[in-house]
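Colleague: Residues per chain, in single letters:
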Amino acid sequence: MEGYEVIFAGNNFIRLLSGLWVTVRISLISIGISLILGFIMGTAMTGRNPFVKVLCRVYLEAVRIVPQLVWLFIMYFGITRLTGLNLSGEAASVIVFTIWGTAETADLVRSAFGSIPIHQFESGFSLGLSKIQLYIFVILPQALKNLFPNIINLATRMIKTTALISLIGVTEVLKVGKQIIDANRYEAPDAALWVYGVIFLMYFAVCFPLSLLSRRLTERKD
Amino acid sequence: MSDNVIEIRHLKKAFGDNVIFSDLSLSVQKGETVVVIGPSGCGKSTLLRCLNGLEPIQDGTIYLNGKPIEFGGKSLVKIRQRIGMVFQNYDLFPNMTVLQNIILSPVKVQKRNRSEAAEEALQLLEKVGLRDKADSYPAQLSGGQKQRAAIVRSLIIHPDIILLDEITAALDPEMVHEVLKVVLELAKNGTTMLIVTHEMSFARAAADRIIFLDGGGIAEEGKPDDFFRSPKTERAKRFLSTFTYTE
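These protein sequence lines are chains A and B, in that order.
Each residue of the first sequence is one higher than the last, beginning at 8 in my numbering.
Each residue of the second sequence is one higher than the last, beginning at 8 in my numbering.
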C-alpha cells in the first residue's frame, strides 16, 4: 500500500478528524475560560492594590517559567496522586491550559490598558466626561484594538501547544496520527510523511483563519 | 471682583515634601488673556492642572465666577465643562475622527442635539482652517493640525475660561505659528484664557497681563510691554536673558 492510501483507508480520516475535534474542543474550552478569568485578573492588575499586583505577578511568572509539558505532568501524574482525585487526561489538560491562558490573557489585558497614555484620561476628564463615559467612548475602544490581535495570537499558540497532551494519554489529532502510522508500519512504511502532512494541513486550517482575522483587526482604521 | 472668572486665593500645592506653591493668589478677569511664564519646574503646568482638579490641592480656595470650586464628587464634572483645557501632548482621541472628537462632550455630557453640535463644530473648524479634516483620524493630521482641532474641541463646550498648557511645546517649529495664530485670534476676540507658554514673542503679543512664576509663587506681574522691556526683578531679568543670544 502506498503512503497516501493510508489516509483514507478504513475510517482513518474520520479518526484523524475526531482527533482534531479533541484538540479544538480542549483549546476552545480553555481559551473561553481563560478569557473570562484573564479579564478579571488583568483588571485587578491595573488596579492600585499592591498586594494583588504582586500576587498576580508571581502567578504569571510561575506559569511562564515552567514549561507547559511540566505543568501537564504535575497536574496529571502529581496532583491526581497527591489528592486521590481521578482526573481524566482531557480534564487535566483543560485545567493546565486554563491556568496558562488566564495568566497570559491577564498580562495582555494589563498591558493593553497600561499602554494608553495618561493624557488620554486627563483630556477626557477635562472635557467633563465621567469615568464611565471615558471608559466607554475613549479607553475601551483603544484598549480592545490593542488587545484583539494579541488574544488571537495567544489562541493560536494554545491550539498548537495542545500537541503536548498526547503525552498524558489524550488521544488528540497527533496521537491518532501516530496510531495510524504504527498500525501500518509494515504495509506502508512511508505513511508518516503523509499522515503528518495531513495533520499539518489540519492545524493550518484551524489557525490560519485566526491569523487572517487578527491581521484584519490590526489593519482597521488608518 | 465680580468680573473675575477665576480667582485663586492662598493656594498651597505640594508633591509630598516638595512644595510647589506655599501661598499663591491670582485672578483672571472676564475677557482677559493672562500668560504665565517662568523657568521649568516652577509649577506653571501644575497651576493649570490644579484649576480643573487634575491635581489635588493642599490648601486655599479657587473660585469660578465667584463660587468656590468643590473638588471631588459630581460637581467637578460640571466645573470641568466651564473650564476648557488643551494640553502639550496631542490629546485627541485616536479612535475617533476629528468631528467625533469635537462633538463627544457636547453630545454625551451636555446632551446637545447631535446635528446642531456638528454644525457648530464645522463652523469652528472652518475658522481654524480644518474644515476639510473633519472626517480624518488624528493619526492623519500634522501636530499643528491636531492642536488646532484640540482647541476647537475645548471651544465648543463654551467654557468660561480656557487653559492652554504649553500647547506648542511638542510641535515642530514651523507648526508653532499656525497654532499660535489661532490663539492670538481668540485673545483678540475676548476669550478668557490662562496660557502657559515658552514662546516669549507670542506671550508679548497675546497677553493682557504676564505672570512670572518663580521660587514657589508669583515673582513678578505686569503688562507685557513693561515686563519684557523693563522687568523689575532680578530673577525675571535673568530668565528673560536666557532667551536672547548675544556674543
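No lab work stands behind these hints: they were computed from the structure.
Where is the CB? At the ideal position from N, CA and C, for every residue including glycine.
Where hints are given, some of them may not hold.
Claimed, not checked - Not everything, but these chain A residues come out facing chain B in the computed CB check (under 10 Å): (1) I125; (2) G131; (3) F132; (4) S133; (5) P148; (6) Y203; (7) G204; (8) L208.
As the list claims (entries may be wrong) - Beyond 12 Å from chain B on every Cβ pair, some chain A residues (computed): (9) S95; (10) G121; (11) S137; (12) K167; (13) F215.
To be verified - Calculated lysine-lysine pairs in the DSSO-like style (CA-CA distance at most 27 Å, straight line): (14) K138/A x K85/B; (15) K118/B x K85/B; (16) K138/A x K118/B; (17) K239/B x K19/B; (18) K138/A x K81/B; (19) K115/B x K152/A; (20) K81/B x K134/B; (21) K115/B x K85/B; (22) K74/B x K138/A; (23) K19/B x K85/B; (24) K134/B x K118/B; (25) K19/B x K81/B; (26) K138/A x K115/B; (27) K81/B x K118/B; (28) K74/B x K134/B; (29) K37/B x K134/B; (30) K195/B x K19/B; (31) K115/B x K134/B.
Colleague: Each hint: holds or not?
Modeller: Against the structure, the hints:
no., hint, result
1, I125, "9 Å, holds"
2, G131, "8 Å, holds"
3, F132, "7 Å, holds"
4, S133, "4 Å, holds"
5, P148, "4 Å, holds"
6, Y203, "44 Å, violated"
7, G204, "44 Å, violated"
8, L208, "38 Å, violated"
9, S95, "45 Å, holds"
10, G121, "16 Å, holds"
11, S137, "6 Å, violated"
12, K167, "32 Å, holds"
13, F215, "28 Å, holds"
14, K138/A x K85/B, "13 Å, holds"
15, K118/B x K85/B, "13 Å, holds"
16, K138/A x K118/B, "17 Å, holds"
17, K239/B x K19/B, "25 Å, holds"
18, K138/A x K81/B, "11 Å, holds"
19, K115/B x K152/A, "22 Å, holds"
20, K81/B x K134/B, "34 Å, violated"
21, K115/B x K85/B, "13 Å, holds"
22, K74/B x K138/A, "24 Å, holds"
23, K19/B x K85/B, "23 Å, holds"
24, K134/B x K118/B, "24 Å, holds"
25, K19/B x K81/B, "23 Å, holds"
26, K138/A x K115/B, "13 Å, holds"
27, K81/B x K118/B, "16 Å, holds"
28, K74/B x K134/B, "33 Å, violated"
29, K37/B x K134/B, "22 Å, holds"
30, K195/B x K19/B, "32 Å, violated"
31, K115/B x K134/B, "24 Å, holds"
Taken one by one, the earlier hints fail for this structure at numbers 6, 7, 8, 11, 20, 28 and 30, listed in ascending order.
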